[in-house]
Structures are given as structure tokens and as C-alpha cells.
Amino acid sequence: MSAVEIPFAEARSGPSRRTFIKGVIATGAAVSSSNYLFRTPGALSASTVVRSTLPRMLTLNVNGQTRSVDVLPQETLAMTLRYKLGLTGTKLGCDRAECGACTVMIDGVTHYACSVLTQTVRDRQVTTIEGLESADGTLHPVQQAVIAEGGFQCAFCAPGFIMSMVALVNENPDPTREEAAQALSGNLCRCGDYDKILNSAMRAAEFSRRMA
Amino acid sequence: MAVIRDMIPSFELLQPTSVDEAVDLLEQRDNTWVLAGGLDSMDWFKDRIKRPDSVVELSGIDALKGIRTSGDGLEIGAGTTLTEVANSAEVQSRFGLLAQAASEVATPQIRNQGTLGGNLIQDTRCWYYRGGWPCYRAGGNICYAGTSRSMNREHCVTGASRCVAVNGSDTAGALIALGAQMMVRNTSGERVFEAEDFFIGPAIDIQRMTVLQPGDLLTHVRIPGDYANARFYWEKVRDRKSWDWALVSVAASIVESNGTIERARIAVNGIAPHPVRLTDVENLITGMPANNDTADAAGSLATRGFRPLRHNDYKVPLARNLVRRAVRGDAA
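Residue numbers (this note's numbering), protein chains in the order written: chain A, 1 to 212; chain B, 1001 to 1332.
Treat each hint with caution, since some may be false.
[As the list claims (entries may be wrong)] Covered stretches of chain A, as calculated for chain B (at least 3 residues, CB under 8 angstroms):
no.: 1; stretch: 54 to 66
no.: 2; stretch: 95 to 103
no.: 3; stretch: 106 to 114
no.: 4; stretch: 117 to 128
no.: 5; stretch: 176 to 186
[What the hints assert, rightly or not] Derived lysine to any residue pairs resembling SDA-like cross-links, with alpha carbons at most 20 angstroms apart:
no.: 6; chain 1: B; residue 1: 1241; chain 2: A; residue 2: 147
no.: 7; chain 1: B; residue 1: 1241; chain 2: A; residue 2: 59
no.: 8; chain 1: B; residue 1: 1065; chain 2: B; residue 2: 1103
no.: 9; chain 1: B; residue 1: 1050; chain 2: B; residue 2: 1123
no.: 10; chain 1: B; residue 1: 1241; chain 2: A; residue 2: 190
no.: 11; chain 1: B; residue 1: 1241; chain 2: A; residue 2: 177
No lab work stands behind these hints, which were simulated from the structure alone. Every residue, glycine too, gets a C-beta built ideally from N, C-alpha and C.
Next comes chain A alone, as it looks inside the complex (with noise of 0.2 angstroms):
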């Protein structure tokens, strides 16, 4: 494993895993993350190391709150979240912006996180399923709606299609069945079950109008 220290080399000066997986921790992280990201041992230092301008400690605006994380050059915001975040409602499904399960919102449009870079979100804000509650746990009309209709089967994708019902609902609270679908085209759901899934969405719309 030695082999992916180097490019923290550049940065720091030799650290350890430990005293690496430590600086993680401090910044608010989940430990898990480390099997995760050196699953791949030689990922990091495939290529040659350039040393980047840009600053490693970040601080990112999620669900919110200001949270500061260090960030690779390279890294996805999917794996920031899940893996350094702690925030693994946002699933990784594909990691080729090709099924949705990743979908959160940067200022108020959804992206696919897989997909986007951390360092590009420096100063914008970013909402992940964990950050649609409100404050005094209640859910959001969207949620309700998913939980009032059942959904979802298996529910891997149910993050990423909320993600998009709750821009869909945010732009358009009356939407035809055939609005919804194009909304939530964008998700793609293995079990099948696009049915429920758009009862979900019609159902969304409606609580969202009557919180209105």
C-alpha cells in the first residue's frame, strides 16, 4: 500500500496512512472511507504527480452547513460526499453519469455528483437527500409523497430519483404524468418499477402544492 502515499508526498511531508487516515477524521469524515478510496492501490500514483496550485483543504457548502475536506485534484464530488462527507444517501450506481443514483443539487439544479469535480463547487451550494428534511426532522413533501405511495422496490435509486422529483416539483407543481417522466428521465430504476415511481412523483406534486 505504500505505493499510494506518494502523492500526499508532494503535500505533506511523508506522512504515514495512519497520520493521513487521522487528518481525515479531524476533518469530519467517515474512517470507512479509507478502504474505499485505496481500494485501488497504485490508482493515485499511475501517472505522474504534478503538484497543484490549488488548495487541498476545501470548504464546501452542503445541505447548509460549511464543511471543510480535503480534496484531490481529481476527485468526484460523489466520492467527497460518500466517502469523506460521511453522506451516503447519495449512492454510486454506474460512476458514469449514465443511472441517476448520484443525483444531488448544485445551487438548485441537479447534477449527476459522479460526475462533477469537488474543486468545482469551491462556492456553491450543495443539496444531497440527507439535506432535504427540515430542520425539526420533518420530511420533505417529496418524501412524504415516497412514503405515502411505496415507492420504491429495492430504493438504491430512490435518492437520486428524489433528488429529481424535488426539482421537478420546485419548477413545475402541477406537472402532467408525461412532464414527470421527462423530469425523471434522467434516473434509472433496475427493478422496474417507473410505475410507482411516477404515482411518487404525481403524489409529490400534489403535497407540495397543498404545503404551498
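Given the structure of chain A, go ahead and fit chain B onto it with the hints provided.
Just chain B now, kept in the frame of chain A:
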């Protein structure tokens, strides 16, 4: 849970805030990569097929974003997202063809993040090439897609030259049909290309999809007013209603008076390594009535000389019918 084997190899991330700064960085460094929305780039990085030493990331350059009126037309920054293009009132009201093409790219999330420039200059999706096979386009000496045993249902039926891959851009055809121009910057200054000349085939350079060379940056697209509010026709045929690239797409701007076609621009994509402007068809139909006979003649001429591969002969009648519909002005 997905098993992620895709930690991107390290690169230096450069985030310029002006076009001048960006082209300077591209000039100064070797093995750089221009990153806009990232939806083409990330696959290359994660598959470790393209390994740039440094990446010039454009999201901080405000000058590349937005839609402005320019003369009697529009100027759209290459960094404008596809959602912004598709939803723009100006684009919708006068150049609906582009709005429609942009709105059918991939998925809502991809349109929210992907840029007009990125959609135009995206690399081909031939899976042999994307999969890292050492083909001509990747600098090797064979085409894996062109043989009789290849999986080449999505590949080209005309314009092949060693490589048989197609161009995947939806907005490219629309911009050719609108007579748009591409503005390209590098450290020596600005050059302007007609949209149909911007895209190149493998006979010109097998490793590039456009005229852009290392160091060049597509900054803006200028749409003249010539075809504003013309009779537009856009149709994209694809396997899946979402996410997918076109098997064949057609984009047409036709100006009629009293049922006679006065002038027209028609582009088809998905049939060749670059979007094809059908100049012969445009000449044929000019001065003719926009009826079935004209449409049939246009469809036949459009597909003359096509040479399908083993699995893509369906593209010949598909392209023929799309051109017919475009000339006739069917409801898509």
C-alpha cells in the same frame, strides 16, 4: 454497491477565470485537457485511456457563458449549458430548431451540466475506440468496427476513411442548418469557421472530430438571423428515449413563399464521421413546391452513394425518410 475501480489518476487542475488566461495555459503546457461539463471527459479519465498532465477547467470563465443578441442573430457562449440553450426564450422564439435539438440531448441532469461547446466537440462514441482499442483514431493501424464481424450497427454509411465512427452531437446538425459560425481562440487570435466546416472527417485528420487543434478553444457560437423563424424540422431517432445518442438525426431550416421553397439548409448526423450538410439536396429543392414529389426526390438524392456496413443498412432508409419528412414538413 458498485465496485469503483475508477479513481481518476492525478492531474494538475487549472481553473482560469478568463479566455486569455485559458489559452495561455493551453499554449504553455503539454498534454493538457480542456474540461467543460466533463461528461465526455470523465469517462476517458476514469477508464485511464486519456491521461492528461493538466486539466484546464472552464467553469470559472464567465465570458464563455450566456446568450446575447448580436446583430440580427444570437451569440451563445460555448460554456452555456444545454438546459439554458433549450430554455432560452430568444432561442425558442427565433431558432426553435436549436432549442429542440438541445432539449433532446441525453438526460435532464446531463443537460444541466453539459455545455453547448462540449456537445459540439464531443468525441465519437464508437465503443471499440472508447473501450481503449488501439484503432486508427487512437493512433493504431486497424479499424475494429469496419470488418464483417464487427458490431457496427451505430456506425457510418458514408464518409468513412479507415475510421467508420460517427459524430454524436445533436446540436451540430441544428447549428449547420441555421448557418451558424464557430468562434475559436488561441494565443494567436480568433478564427471563425462556418459550422459545416468546423467538423472534419478522418480523411482530413483521423484523430480529431473538429478543426480544433491543441491550444484552441471554442469560445462562442454565432447564429445569424438568416433563418430566424424559418420552417424548422428536427427529428432524432434513437434506441432509448432518454440518454441515447441519435442513430440518425435530421435538422432543417426551410424558407418558403407561396408553397415554393425559396431557400433551405439541411443537415444529417449519425450517418458519417461528421455531420453532413446536404448541399445537393438544398439545391435540388430550391424553387420546387414543398410536396411529396420534391420530398421523395430529396430523400433519394440524400442517400445516393451510401455504403452500409454489415449491421447498419437500416440507416439508409432511415436517413431517406427523415430527409423526406424534413422537406415535407411533417409533424415530428
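Quick rundown of the hints versus the structure:
With 1 residues having a Cβ less than 8 angstroms from any Cβ of chain B, the stretch 54 to 66 of chain A misses the three-residue criterion, and the hint is violated. Counting residues of the stretch 95 to 103 of chain A whose beta carbon lies closer than 8 angstroms to any beta carbon of chain B gives 6, which reaches the threshold of three, so the coverage claim holds. Beta-carbon proximity to chain B at under 8 angstroms applies to 5 residues in the stretch 106 to 114 of chain A; the threshold of 3 is reached and the given coverage holds. A count of 3 residues in the stretch 117 to 128 of chain A with a Cβ less than 8 angstroms from any Cβ of chain B is obtained; the coverage claim is therefore met, three being the minimum.
Coverage of the stretch 176 to 186 of chain A by chain B holds [criterion: at least 3 residues with CB-CB distance below 8 angstroms; count 4]. Proximity of residue 1241(B) to residue 147(A) is assessed by CA-CA distance (about 28 angstroms); at most 20 angstroms being required, the pair is judged violated. A distance of roughly 39 angstroms separates the Cα atoms of residue 1241(B) and residue 59(A); the hinted pair therefore is violated under the 20 angstroms criterion. Between residue 1065(B) and residue 1103(B), the direct Cα distance comes to roughly 18 angstroms. Compliance with the 20 angstroms bound is thereby established for this hinted pair.
Taking the CA atoms of residue 1050(B) and residue 1123(B), the gap is near 12 angstroms; set against the 20 angstroms cutoff, the hint holds. With a CA separation close to 16 angstroms, the supplied pair residue 1241(B) and residue 190(A) stays within the 20 angstroms bound. Pair hint residue 1241(B) plus residue 177(A) holds up; C-alpha atoms about 16 angstroms apart against a cutoff of 20 angstroms.
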